[in-house]
Amino acid sequence: MTSRELLVSKIENGTVIDHIPSGQGLRVVNIMGSNMVKGQTAVVLINIPSKHMGTKDIVKINDREIAVREINKIALTAQTATLNIIRNWEVSEKRKITIPRIFEGVVKCPNSNCITNTDEHIITKFIVEKRKPLSTRCHYCERPFAREEINSFIT
Amino acid sequence: MKGKILSTLFFEPSTRTKLSFTSAMQRLGGQTLEFGDSESTSIVKGENLTDTIKTVGKYCDIITIRHPNEGAARYASEITDKPVLNSGDGANQHPTQTLLDLYAIRKLKGGISELNISLLGDLKHARVIKSLAYALSMFGARLTLISPPGLEIGKQFIDELKYNFKSSIDETNNLQKGIKKADVLYVCRIQKERFEDSYEAERLQREFRVTAETLTNVKEDLVILHSLPKVSEIAHEIDESKYSKYFDQVFYGIPVRMAILNMVLQ
Chain A
1 MTSRELLVSK IENGTVIDHI PSGQGLRVVN IMGSNMVKGQ TAVVLINIPS KHMGTKDIVK
61 INDREIAVRE INKIALTAQT ATLNIIRNWE VSEKRKITIP RIFEGVVKCP NSNCITNTDE
121 HIITKFIVEK RKPLSTRCHY CERPFAREEI NSFIT
Chain B
156 MKGKILSTLF FEPSTRTKLS FTSAMQRLGG QTLEFGDSES TSIVKGENLT DTIKTVGKYC
216 DIITIRHPNE GAARYASEIT DKPVLNSGDG ANQHPTQTLL DLYAIRKLKG GISELNISLL
276 GDLKHARVIK SLAYALSMFG ARLTLISPPG LEIGKQFIDE LKYNFKSSID ETNNLQKGIK
336 KADVLYVCRI QKERFEDSYE AERLQREFRV TAETLTNVKE DLVILHSLPK VSEIAHEIDE
396 SKYSKYFDQV FYGIPVRMAI LNMVLQ
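Heads up: the protein sequence lines correspond to chains A and B, in order.
Residue 1 is where the first sequence starts when you use this note's numbering, and the numbers rise one by one after that.
Residue 156 is where the second sequence starts when you use this note's numbering, and the numbers rise one by one after that.
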């Protein structure tokens, strides 16, 4: 196998998430994997050589197109990632992941005393104040959080 | 304001905020509906905040709420069509206290911009301090933050103020040094309950206590404020001194809260 060949074959239909920072591939597949149904499979490639990034991770999931909610979660974990929607063996849509200005329902507030961490069934909401480096603020308790602080609170 | 009703929902203890809101509303000609001790309400049956707010909102024209969780007031404002005033949410904000503090400073010193204002005490946990520091920075005051080691306001917060308002902010753990040039000294309690070691808490309370001796080298027209209740952080002898204005400050809560109620309901 040459260095240009992929370790796994192409998929007929599904999603390929490329340009994931090295080390974040498993986290991305965990995000997608929580909604997997019978027949769908996921593959994660780790430390693949990359011209622009040095090394990267790639996730391929067949028979599944990514949902918006999942895109927002992945955006928090892998800001450099690109999405490829595959249909009939061809890349049908390709786009870079961008962090939305507001994201709802994808991160639990790290502040244990925030009202959203009580039994009130409140959907969390975070405002992105800066994208690089990522800086967010909880809409309710108003505390600021950097990427490292919210990464382990992605739901 | 005749015929209008203010509901006061206090899930935490309060003397001044609750009474001054009640007084303000009554002075405007309106009425108040007190939520009462939560032990005498359906909270004790397990009713949540969401249902409580939706219910109370049907009985009044405006709500003021104090709650132990940060974000509670904002959440309440989203689930009722009645205006909601935040009377303190956890360690987050206490905005009407800040407004009356600003008013007090302006009345007592003729302005806010360019004043040297020292904030003293447990700056990390006191919600009035963060609200006040933010507002004073907006008005161009020069801040000196005095606290025991470990109870500082936090670098991230200071950086935010400097970035947003180009604020002049100094920090010190030395009380005498921190108040030497102050025009206003705002004191807050060192919260003993935050310390595992009560001896250490008491030691720090003594070290950062405002006494006659502490004030020997301060400006003649220094004004001392405190959001109250005070415990031991200001010596009793200071209450009768020329510097103490915290009981005047208490009064200013009335006109400020009257103005807020009037502005929101008209």
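Hint data in this document are derived by calculation from the structure and do not stem from the laboratory.
The structure presented is a predicted model; accordingly, all values stated were derived computationally and were not measured.
Treat the hints with care, since some could be wrong.
[What the hints assert, rightly or not] With a Cα cut of at most 25 angstroms, we get these calculated DSS-like pairs of lysine-lysine:
1) B:LYS264 to B:LYS397
2) A:LYS132 to B:LYS317
3) A:LYS125 to B:LYS237
4) B:LYS279 to B:LYS237
5) A:LYS130 to B:LYS332
6) B:LYS385 to B:LYS262
7) B:LYS279 to A:LYS108
8) B:LYS335 to B:LYS397
9) A:LYS132 to B:LYS321
10) B:LYS317 to A:LYS130
11) A:LYS10 to A:LYS51
12) A:LYS132 to A:LYS51
13) B:LYS262 to A:LYS125
14) B:LYS264 to B:LYS400
15) B:LYS400 to B:LYS173
16) A:LYS132 to B:LYS310
17) B:LYS321 to B:LYS347
18) A:LYS10 to A:LYS125
19) A:LYS125 to A:LYS108
20) B:LYS213 to B:LYS279
21) B:LYS264 to B:LYS310
22) B:LYS209 to B:LYS262
23) B:LYS237 to B:LYS213
24) A:LYS130 to B:LYS310
25) B:LYS400 to B:LYS335
26) A:LYS51 to A:LYS108
Against the structure, the hints:
1. Simply put, B:LYS264 and B:LYS397 have alpha-carbon atoms about 14 angstroms apart, close enough for the 25 angstroms limit, and the pair holds.
2. The straight-line distance between the Cα atoms of A:LYS132 and B:LYS317 is roughly 20 angstroms, inside the 25 angstroms bound, and the hint therefore holds.
3. Annotation: proposed proximity of A:LYS125 to B:LYS237 holds, straight-line Cα distance about 22 angstroms (limit 25 angstroms).
4. The suggested pairing of B:LYS279 with B:LYS237 is violated, with an alpha-carbon distance near 32 angstroms, which exceeds 25 angstroms.
5. Restraint check: the Cα-Cα separation between A:LYS130 and B:LYS332 comes to about 37 angstroms, which exceeds 25 angstroms; the hinted pair is violated.
6. Restraint check for B:LYS385 and B:LYS262: satisfied, since their Cα atoms lie roughly 22 angstroms apart, inside the 25 angstroms limit.
7. Between B:LYS279 and A:LYS108 the alpha-carbon distance is near 23 angstroms, which keeps this suggested pair within the 25 angstroms criterion.
8. Between the alpha carbons of B:LYS335 and B:LYS397 the distance comes to roughly 17 angstroms, so the proposed pair stays at or under 25 angstroms and holds.
9. Distance hint between A:LYS132 and B:LYS321 is fulfilled; the C-alpha atoms sit about 22 angstroms from each other, no more than 25 angstroms.
10. Taking the CA atoms of B:LYS317 and A:LYS130, the gap is near 17 angstroms; set against the 25 angstroms cutoff, the hint holds.
11. Proximity of A:LYS10 to A:LYS51 is assessed by CA-CA distance (about 21 angstroms); at most 25 angstroms being required, the pair is judged to hold.
12. The hinted pair formed by A:LYS132 and A:LYS51 meets the criterion: a straight-line CA distance of about 22 angstroms does not exceed 25 angstroms.
13. About 39 angstroms separates the Cα atoms of B:LYS262 and A:LYS125, which puts this hinted pair outside 25 angstroms; it is violated.
14. Annotation: proposed proximity of B:LYS264 to B:LYS400 holds, straight-line Cα distance about 11 angstroms (limit 25 angstroms).
15. Between B:LYS400 and B:LYS173, the direct Cα distance comes to roughly 21 angstroms. Compliance with the 25 angstroms bound is thereby established for this hinted pair.
16. Between the alpha carbons of A:LYS132 and B:LYS310 the distance comes to roughly 20 angstroms, so the proposed pair stays at or under 25 angstroms and holds.
17. At most 25 angstroms may separate the alpha-carbon atoms for a hinted pair to count; B:LYS321 and B:LYS347 exceed this at roughly 34 angstroms.
18. A hinted pair counts as satisfied when its Cα atoms are at most 25 angstroms apart, and A:LYS10 with A:LYS125 does not qualify at roughly 37 angstroms.
19. The straight-line distance between the Cα atoms of A:LYS125 and A:LYS108 is roughly 9 angstroms, inside the 25 angstroms bound, and the hint therefore holds.
20. With a C-alpha separation of about 37 angstroms, the suggested pairing of B:LYS213 with B:LYS279 is violated against the 25 angstroms cut-off.
21. A C-alpha spacing of about 29 angstroms is found between B:LYS264 and B:LYS310, which places the hinted pair above 25 angstroms, so the restraint is violated.
22. Restraint check: the Cα-Cα separation between B:LYS209 and B:LYS262 comes to about 39 angstroms, which exceeds 25 angstroms; the hinted pair is violated.
23. A hinted pair counts as satisfied when its Cα atoms are at most 25 angstroms apart, and B:LYS237 with B:LYS213 qualifies at roughly 9 angstroms.
24. Proposed proximity of A:LYS130 and B:LYS310 is supported: the alpha carbons are some 18 angstroms apart, at most 25 angstroms.
25. About 18 angstroms separates the Cα atoms of B:LYS400 and B:LYS335, which keeps this hinted pair within 25 angstroms; it holds.
26. A distance of roughly 35 angstroms separates the Cα atoms of A:LYS51 and A:LYS108; the hinted pair therefore is violated under the 25 angstroms criterion.
In the structure shown, a violation is registered for the earlier hints numbered 4, 5, 13, 17, 18, 20, 21, 22, 26, in ascending order.
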